[in-house]
Amino acid sequence: MDAIRTTNLTKNYGQKSAVENLSLAVPAGTMFGFLGPNGSGKSTTIGCMTGLLDPTSGEIELLGQRFTADSAAIKRRIGVMPETLGLFEPLYAHEFLAFVARMFGLDEATTRRRVTELLEALELTDTSKTLSEYSTGMRKRVAFAAAVIHSPEVLFLDEPFESIDPAGVSLMKQWLRRFTAQGRTVFITSHVLETVERVCQHVAIITRPGKLVWQGDITALANDGAVVCNGQEFRALEPLFLHLTGERYTDLAWL
Amino acid sequence: MNTTLIGQLVGLRYKLLWAKTRSRNGRIALFLAGYLLLVLVIGLLTTGGFAAAMLAVRTGKAEPVAQGALTALFLEAVLAANILGFGMGAVFADTELRRYPLTAADRRIARHLTGILDPFWFLFFALELGLAVGLYVMGAGSFWFGLAAVLLLFAANYLLARVVGLFIDQLIERKGGAPILMGLIMTLAILPSVVASQLRKDPAMVAAVVQRLQYTPPFGAAAAMIHPGLPGVHGLAIVITWILGLAALLVWLEKRPPLRQVAESVKIDWDSPFDRVGALFGPRMGPLVGHWLRFYGRNSRTRTLSLISLPLLAFLTFQLGRQSKAPHGLFIAALGTFPMVTFLGTSRISVNQFGYVGGAFRRYFLLPIHPSATLRAASYAAVTIGASMLPVALLAWLLFSPYPFDARMPLMLLCAGFTGLFVLHGLGIWVTLFNPRKGNYNSHFGNDLSLGGNIVLIGGMLLSMFVPQWLYRARPALVSPESWWMFLPLPVLALAFYLATLQFAGPVFVTRREKLLAIVEGRN
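Chains as they are written, first to last, in the numbering used here: chain A, 1 to 255; chain B, 1 to 524.
FYI, nobody ran anything at the bench for these hints, they're computed from the structure.
Just so you know, these numbers come straight off a predicted model, no measurement behind them.
Please note that the accuracy of each hint is not assured.
Here are the simulated DSSO-like pairs of lysine-lysine, each with C-alpha atoms no more than 30 Å apart in a straight line [to be verified]:
| no. | chain 1 | residue 1 | chain 2 | residue 2 |
| --- | --- | --- | --- | --- |
| 1 | A | K16 | B | K515 |
| 2 | A | K129 | B | K438 |
| 3 | B | K255 | B | K175 |
| 4 | B | K201 | B | K325 |
| 5 | B | K15 | B | K515 |
| 6 | B | K438 | B | K15 |
| 7 | A | K129 | A | K173 |
| 8 | A | K129 | B | K255 |
| 9 | B | K438 | B | K515 |
| 10 | B | K61 | B | K201 |
| 11 | A | K129 | B | K175 |
| 12 | B | K438 | B | K175 |
| 13 | B | K515 | A | K211 |
| 14 | B | K255 | B | K438 |
| 15 | A | K211 | A | K16 |
| 16 | A | K16 | B | K438 |
| 17 | A | K173 | A | K211 |
| 18 | B | K15 | A | K16 |
Pulled a few chain B residues facing chain A out of the computed Cβ check, cut under 10 Å [unchecked claim]:
| no. | residue |
| --- | --- |
| 19 | I268 |
| 20 | L288 |
| 21 | F365 |
| 22 | P368 |
| 23 | P371 |
| 24 | Y441 |
Pulled a few chain B residues facing chain A out of the computed Cβ check, cut under 10 Å [said to hold, decoys possible]:
| no. | residue |
| --- | --- |
| 25 | D269 |
| 26 | D275 |
| 27 | H291 |
| 28 | R294 |
| 29 | R363 |
| 30 | Y364 |
| 31 | L367 |
| 32 | T511 |
| 33 | E521 |
Backbone N, C-alpha and C fix where the C-beta goes; we use that ideal spot for every residue, glycine too.
Looking at chain B on its own, in the form it has when it is part of the complex:
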């Protein structure tokens, strides 16, 4: 193994991170602040893990608490990595590494070593380490067994996330892969509720399930943390077996050639639906909107997110509604999820409209139109796609809502949906202008959004979901159907914000075009 060259590549990964921050305004201060924040978060998480360990020992349930905490962290890391894309960005592609004198095995090690060194994984590592240290300090475990368990679990967690990501990646490439993926997501979403209700009906099943779970990495790691000696060795052996199995699976998946859907022959289609919808915006804007609709529509991430957004948000509505104690809990939850229906599908491009066009960005300035028309057309396309999700969501509500028909409810949901549509897409324009990032149009996974993009996407999602819940707690009357009239001005205000954004963002776009050009072409 060429450890020197691999070490150089790992060093290069951090040099690139540093170079990125160095090339921006206020970069060093930002980097330091970010670094301190990361250290602070890691410190907090370590303390959190430590506190969980204290609780576990004091309640006399050290092992079950450790098993539960490690399982939750393990699954959360896999989900966060694959849904939000954290810690999954390819630092160096295999084709890039082929330039260097490395063997295939060395290249694989270099790729995954630089991948696992993403700060995202350190956060989970800190929590797990906090738990191990806590258990040791409270006299409920061995330090060295705990440390070994955490390190091995960390590796297994990364490998599983990669395997899941690659599996999804290859599934999407197959014909009919997207609906299969949607089915899998729905199954996974529904499974916990089904299993929970079965376990409630038949408590004897709990022991059987726990017995099976002993062979999972988190349970193996928990056993190693708490039982030094033979049971601990057994626990470590379980995690090592998983690591070997996952590594083999990862290598197998990586070696499989990507199966792309290649059209044998494409007839020139002069009348595509994109252009027909675009034509609704008039002869001047029509071709531009049609072009942007095509750009959104051809993006596999947009298609997948649009496809899974409805079942995903339906599941969230159901979960939030079930937990709510309000008489119309499901309706209050839907008030929070309807705005996201209009944004989730296109979110990646909506908050970074030019980040995926690369060198073609300059083309917009060569066209005989005012450049701001491009920005407007891109946003119109996203808003059109987002708005088209609302009738589907509304129909689903009307079909599956458990309440007797009340016209005020769909009206309020529509108002919430349109408010989210205009506010989130308006914010997306500002992020596009002030915090863009060069991204890869063809990547299915990985979080390539800027900080601003993540704030709008994740913050927008959390806010829209939880604001109705908070409102219910603070002033229940505000989110009851009796207050339907209070929802009417919301979309109007949101539309005003969106139109004002379009008005003011146009000149900003022209002024900032050289900066944007440098970013989207990867020169900044």
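So that you can see chain A by itself, here it is in the shape it has in the complex:
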């Protein structure tokens, strides 16, 4: 079964197209990498998939059911870590996590236990600071904790590893592997291709404006194998990405 499926998903802002006829299928129980250059529509796609934005056209299915912005029951089964983190700055980490947990239907006792455990596991025990006083990495950990606190079945993580120290990244990867081993699904966007190569089984690459250019299994890359695309063999994700997106870097003589 596919945990996430989009059919001809399109999102326009006025005349400008951000996502164009995007059809994706994310198998349940996998770690799925969603890649693309800056401004290619990755966050817009996640926005549509999580109910933040209304698609202009097309359909979204999550966990086998049609999903819209009003699908409260499905929202309860998904977790999201937005690119902008979406933290309430004046709150303390435990207050923020408790609020999210209660909104997702956890009872008071479970909320307290999980908040305490998450804060300890993610080394967020300095409770004298509000979220606005946290460093970028700490804020990211809080946003990650908020995404997983209710044990969702599908997890959307928009650039989760950037700004987090190696120990934090390692812990998160360990959790995510266990998460997928239990049959749950993780949908990740990231610019760190080496990390995606190591943790994801499937990848989709889009280019501006939100057009899918490739989707496939990349497990071979983690085992020193290769991925074949357009008749060419690629032994790493970076050359495949550059080949598909046509990204080029201009050389400035004065720099």
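Use these hints to put chain B onto chain A, whose structure you have.
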């Protein structure tokens, strides 16, 4: 001094102003209309200043009238800047300016130069200039001395407003600062009445007070406008001395590191009063209302405004009541101020509920609830805080009212209070949806509300205060205790408006969420 870069920054300030209007619907037309309106207002104010000068010369009291007019303008500018926040917005923060190759002194000059170029200050400048030109045309002053006096007074006025703002800002950051501020405001509010009564008792004191006031910037400027020559130079010297003193004080205050109240360790509190009050709204809405109560309660501006709203409105009630010729003047004044008690404290966020949440706004749409519940919960929290002020205000009325106890009066006041509560918070929801603005949650001062927000706040305050007075003049029976029964339907109608607003605003909120998101995240 890097004048080129400072000039570029001043230019950038206006480019940003232009860019803001350019990115909205009907922006250019609006900007032009606003600009023409500003020019018109400045023209009117200049004429007003000119008329004051004519009056001053014709009555043969040029200097006292100029002194009075300039003092009033000077104080009004300081009060308007600090209470309503006009002309106090930081265009560029020091941290932003540090990116450019500017020295500390250059950064300070750039910040204050862009600050003083706020259109708000031009309005006061126009009035003062009108007065100087009027005095010159009527042959009661020198043009060049007048112009110099106006320019120097303008600078002194801006500096004093900044010093007062910064002083309050730093006072609030200190432990116990808010009650001290409240005490200072009450003292300032009561002082004029006390001084006036003392002066009436002892007229000889008037001359002594006027003598002391000669050393204030408005009196110095008035002397320079009217007496060219040595007394005029003396007047200008007084204003320059003030400018130097205020500039030094401003630099000193700006250099003082902000003293924040930092908790050494915070124990995880699982049972906060916010959540307990929120729980009254049921298991579904409880966490959301508790969250919004916390959001309001943690905001220093909300706390300060809630704290000062009661003494401030008590003072207004007293002043309006004293001026009224009605037999129940104080009661009529209270009918006007009670609605504001329920709104003033939370007003800043109530008319711009999402303007201070920034990127967290998107979080509301990820929650497994209908998004309109967020809007409702935010409003419930504000209404709860506003309603909690009513019993305190009522108790104050019962304790200090000079009238014999009449149950009809507190009932009418409660009706007026609840009417204001529901109408103003209902209007706040519509402004939140149609005229929001990205604001800074942590700023203590500065007016960061949209036009709609200002109209509801200032217009609501003026209307609620003056409608009972107008009613008394038109139909005195309408605001007398005998008409108590006529007040009973008012809160019911206001509640109906509020409930209808909640009903209709929910779908609008969902439809407009992408626009709101762009605004609150600063992308529009």
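Against the structure, the hints come out as follows:
no. : hint               : verdict
1   : A:K16 with B:K515  : 15 Å, holds
2   : A:K129 with B:K438 : 24 Å, holds
3   : B:K255 with B:K175 : 20 Å, holds
4   : B:K201 with B:K325 : 23 Å, holds
5   : B:K15 with B:K515  : 23 Å, holds
6   : B:K438 with B:K15  : 18 Å, holds
7   : A:K129 with A:K173 : 26 Å, holds
8   : A:K129 with B:K255 : 25 Å, holds
9   : B:K438 with B:K515 : 12 Å, holds
10  : B:K61 with B:K201  : 24 Å, holds
11  : A:K129 with B:K175 : 18 Å, holds
12  : B:K438 with B:K175 : 29 Å, holds
13  : B:K515 with A:K211 : 24 Å, holds
14  : B:K255 with B:K438 : 28 Å, holds
15  : A:K211 with A:K16  : 13 Å, holds
16  : A:K16 with B:K438  : 25 Å, holds
17  : A:K173 with A:K211 : 28 Å, holds
18  : B:K15 with A:K16   : 26 Å, holds
19  : I268               : 5 Å, holds
20  : L288               : 7 Å, holds
21  : F365               : 5 Å, holds
22  : P368               : 4 Å, holds
23  : P371               : 7 Å, holds
24  : Y441               : 6 Å, holds
25  : D269               : 8 Å, holds
26  : D275               : 8 Å, holds
27  : H291               : 5 Å, holds
28  : R294               : 7 Å, holds
29  : R363               : 4 Å, holds
30  : Y364               : 9 Å, holds
31  : L367               : 5 Å, holds
32  : T511               : 9 Å, holds
33  : E521               : 7 Å, holds
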